[in-house]
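Start from the sequences, fold in the hints, and give me the full structure.
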Amino acid sequence: MKNSVYTFFLSLLMFSCQLNVEPPQAFGPIPTEEQLSWHEMEYFSLVCYGLNSYTEEEWAYGDVNPKLFNPSDLNTDQWAKVASEAGMKGLILVAKHHDGFCLWPSKLTDYSVAATPWKDGKGDVLGDLAKSCEKYGLKLGVYLSPWDRNHAEYGQPEYVDYYYEQLEELLTEYGDIFEFWIDGANGGTGHYGGANENRSIDRIAYYNYDKIFDIVKSHQPNAVIFSDVGPGCRWVGNESGIGGETNWNTIDREGRFPGDSDPNFLKYLQTGKKDAEAWVPAEVNTTLLWPKAWYHHTGHQPRSLANLMDLYYTSVGRGSPLNLGIAIAPSGKIRDVDARNLLKFKEQRDREFRVNLIEKANISVSDTRGNARQFGAKKLKDTDAGTYWASSDQVNEASIEMNFNSPVSFNRLLMQEYIALGQCIHTFKFEVEIDGKYQTITEGTTIGYKRLLRFPNVESKKARLSLKTDAPCLTLAEIGLFNAPLLVDDPVLIKGIDGTVFFRSVENVTTYFALGEKVDREEFKAYVHPLKLADGATIHYFAKENDGNYASEVITEHIGIARDKWKAVSGSESQKAIDGDNRSFALSKSGDIVIDMGKEINVSGFSYLPRQDGQKEGIIFDFEFYLSDNGRDWGKATHTGTFNNIENNPISRHIKLKEPTKARFIKLLAKSDVRRSGLASFADIQIFQRNN
0 MKNSVYTFFL
10 SLLMFSCQLN
20 VEPPQAFGPI
30 PTEEQLSWHE
40 MEYFSLVCYG
50 LNSYTEEEWA
60 YGDVNPKLFN
70 PSDLNTDQWA
80 KVASEAGMKG
90 LILVAKHHDG
100 FCLWPSKLTD
110 YSVAATPWKD
120 GKGDVLGDLA
130 KSCEKYGLKL
140 GVYLSPWDRN
150 HAEYGQPEYV
160 DYYYEQLEEL
170 LTEYGDIFEF
180 WIDGANGGTG
190 HYGGANENRS
200 IDRIAYYNYD
210 KIFDIVKSHQ
220 PNAVIFSDVG
230 PGCRWVGNES
240 GIGGETNWNT
250 IDREGRFPGD
260 SDPNFLKYLQ
270 TGKKDAEAWV
280 PAEVNTTLLW
290 PKAWYHHTGH
300 QPRSLANLMD
310 LYYTSVGRGS
320 PLNLGIAIAP
330 SGKIRDVDAR
340 NLLKFKEQRD
350 REFRVNLIEK
360 ANISVSDTRG
370 NARQFGAKKL
380 KDTDAGTYWA
390 SSDQVNEASI
400 EMNFNSPVSF
410 NRLLMQEYIA
420 LGQCIHTFKF
430 EVEIDGKYQT
440 ITEGTTIGYK
450 RLLRFPNVES
460 KKARLSLKTD
470 APCLTLAEIG
480 LFNAPLLVDD
490 PVLIKGIDGT
500 VFFRSVENVT
510 TYFALGEKVD
520 REEFKAYVHP
530 LKLADGATIH
540 YFAKENDGNY
550 ASEVITEHIG
560 IARDKWKAVS
570 GSESQKAIDG
580 DNRSFALSKS
590 GDIVIDMGKE
600 INVSGFSYLP
610 RQDGQKEGII
620 FDFEFYLSDN
630 GRDWGKATHT
640 GTFNNIENNP
650 ISRHIKLKEP
660 TKARFIKLLA
670 KSDVRRSGLA
680 SFADIQIFQR
690 NN
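Numbering that gives the first Met the number 0 puts the first residue of the sequence shown at 0, with every later residue one more than the last.
Just so you know, nobody snuck in bad clues.
Subject to a maximum C-alpha distance of 27 Å in a straight line, what follows is the list of computed DSSO-like cross-link-like pairs (lysine-lysine):
id, residue 1, residue 2
1, Lys134, Lys216
2, Lys588, Lys575
3, Lys494, Lys564
4, Lys655, Lys517
5, Lys670, Lys615
6, Lys130, Lys88
7, Lys655, Lys494
8, Lys566, Lys655
9, Lys661, Lys564
10, Lys428, Lys273
11, Lys80, Lys121
12, Lys655, Lys635
13, Lys118, Lys130
14, Lys655, Lys666
15, Lys655, Lys575
16, Lys635, Lys588
17, Lys657, Lys517
Everything labelled a hint here was simulated from the structure, so no lab data went into it.
Put into structure tokens, the structure is as follows:
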């Protein structure tokens with residue numbers, strides 16, 4: 000009897016030991032708690048706004064009058080609301096860029112919002128944004144440029160003390176900061192209090208970066224510090240939105256500094272280094288605007304949905320958060336077109352990762368650490384990144400098999416390491432069974448926090464993921480398979496000056512259109528061949544996938560009458576206003592443009608687009624519009640008015656006349672332009688007929 004009791008308790012003890020296997024030991028550098036939280040954010044934005052938004056400069060000289068800063072509708076709640084709805088987790092404000100202008104009323108300088116007409120000098124953009132972020136559940140970050148092209152003492156020790164004091168202001172008066180941004184753009188030409196000279200500094204020693212980092216951590220211990228070399232996170236080495244396909248979260252920082260110009264080091268920033276000394280993960284940054292611009296630039300539009308998804312897969316999909324810069328318009332708000340594209344981007348991400356097919360799979364692994372309860376295969380699909388599958392010690396290669404009861408189609412693979420114990424996996428291979436044999440679909444090197452792979456649709460009942468490591472064992476927190484639907488972007492409409500309109504074709508997507516002022520859904524028909532709209536039209540259009548129900552939003556566009564027979568009477572330069580190319584423009588010293596339409600037209604309205612090169616001179620504000628039968632006798636203006644807020648929003652303006660009037664000649668006269676330069680710019684002029 001005693002032997003039976005002894006045997007029972009011995010068995011119970013052995014079973015208990017099996018149930019409580021020691022977890023793997025951490026391997027190499029590991030992330031801090033704040034770095035782990037930063038990884039999990041995945042997507043946030045560097046918000047760019049200031050005097051640069053009005054001058055349309057990226058790096059201003061430091062001599063712009065602060066009174067130029069006078070937004071008509073600055074609304075940080077709108078910024079935060081758009082960001083939150085777009086799936087972002089934080090906003091990093093460029094509180095001071097290289098021009099030295101401060102978006103908070105710094106007690107240390109007169110070059111700030113306190114010197115502007117906005118709110119009679121009592122405004123605080125950073126303070127407003129801090130409240131808005133709290134309201135919409137976002138984290139707040141700040142960027143304080145170490146270079147200051149306005150400050151008279153830049154280059155001297157006194158300026159460095161000034162910078163430290165500004166840093167104290169930012170870090171002690173605006174609540175919790177999740178990321179502090181600093182870069183290596185330092186020294187060069189500048190205003191410098193009126194000196195207007197070139198000043199160079201010792202880029203390594205001048206600022207004493209270690210002291211800057213100590214100040215940040217003393218006031219904001221949870222802040223992740225961004226720079227070329229961290230210490231919290233590193234620049235990825237480009238502003239293209241592309242992280243390395245091989246992306247180690249570790250680098251060697253010794254002897255490196257922000258602004259290090261070694262080209263080999265920049266390449267190293269993209270890939271990181273296996274077995275390096277410090278956990279300094281890469282942050283991928285680029286801008287929403289294209290061509291790339293951090294600050295508002297006339298004519299720059301948001302990236303296409305397809306391009307935004309490419310950025311997602313080359314950033315978050317390679318283990319790095321995406322920092323997508325938003326340029327605030329001079330009005331003080333995110334433009335509607337930018338907001339719309341950000342929300343479309345969120346919708347597409349949700350569509351692609353809505354259903355994880357792995358939930359239906361039976362998963363088996365070639366090796367498990369101890370017992371399945373702690374580190375078994377089920378941890379790979381429990382949707383909890385805090386749990387993980389692990390192999391036994393000294394098992395450096397393992398495979399994970401996914402078996403479905405019936406064939407499933409998929410085109411996306413998700414993998415996540417349990418990075419709290421470090422980054423271990425250095426190669427992976429994903430295969431599916433086709434005709435009884437495994438075929439490689441995709442393979443690569445690192446996984447890290449997250450890896451997302453795209454590939455053509457495959458259908459199979461079985462899939463296998465093989466992993467290798469040099470670490471003592473393998474860990475993997477999550478795995479996912481998804482059948483992402485077709486990406487349906489807005490149709491691209493192309494207009495010829497002869498009135499021909501066509502849409503770019505996209506595989507497996509059909510464009511639908513309808514003509515007229517007001518149309519019902521049933522009036523739309525599939526686009527097949529180019530449209531002849533020489534008399535002009537109002538066209539509505541959208542795209543729809545051929546094998547599903549998803550469709551883009553309906554876009555409405557006004558198309559003027561054909562212009563291939565038009566002649567600019569006011570000179571050959573003026574022909575640029577009717578050439579169909581919005582990048583070219585006529586600049587008139589007389590302030591007007593006269594056009595012969597070649598025949599009598601029953602004019603019901605016109606549209607005007609100013610220059611799109613970012614310059615303001617000649618953007619018409621007050622105008623008069625004339626019609627004539629012969630181009631000599633103009634009489635009284637047919638229409639007078641203003642293009643309201645066109646300086647801040649220089650898009651095409653469509654003006655309807657009170658009564659349609661027959662004429663062959665038109666004249667648009669600038670009574671004033673937004674810069675009072677006496678010039679008038681004309682990038683595009685269109686004329687509309689009655690009922691169009």
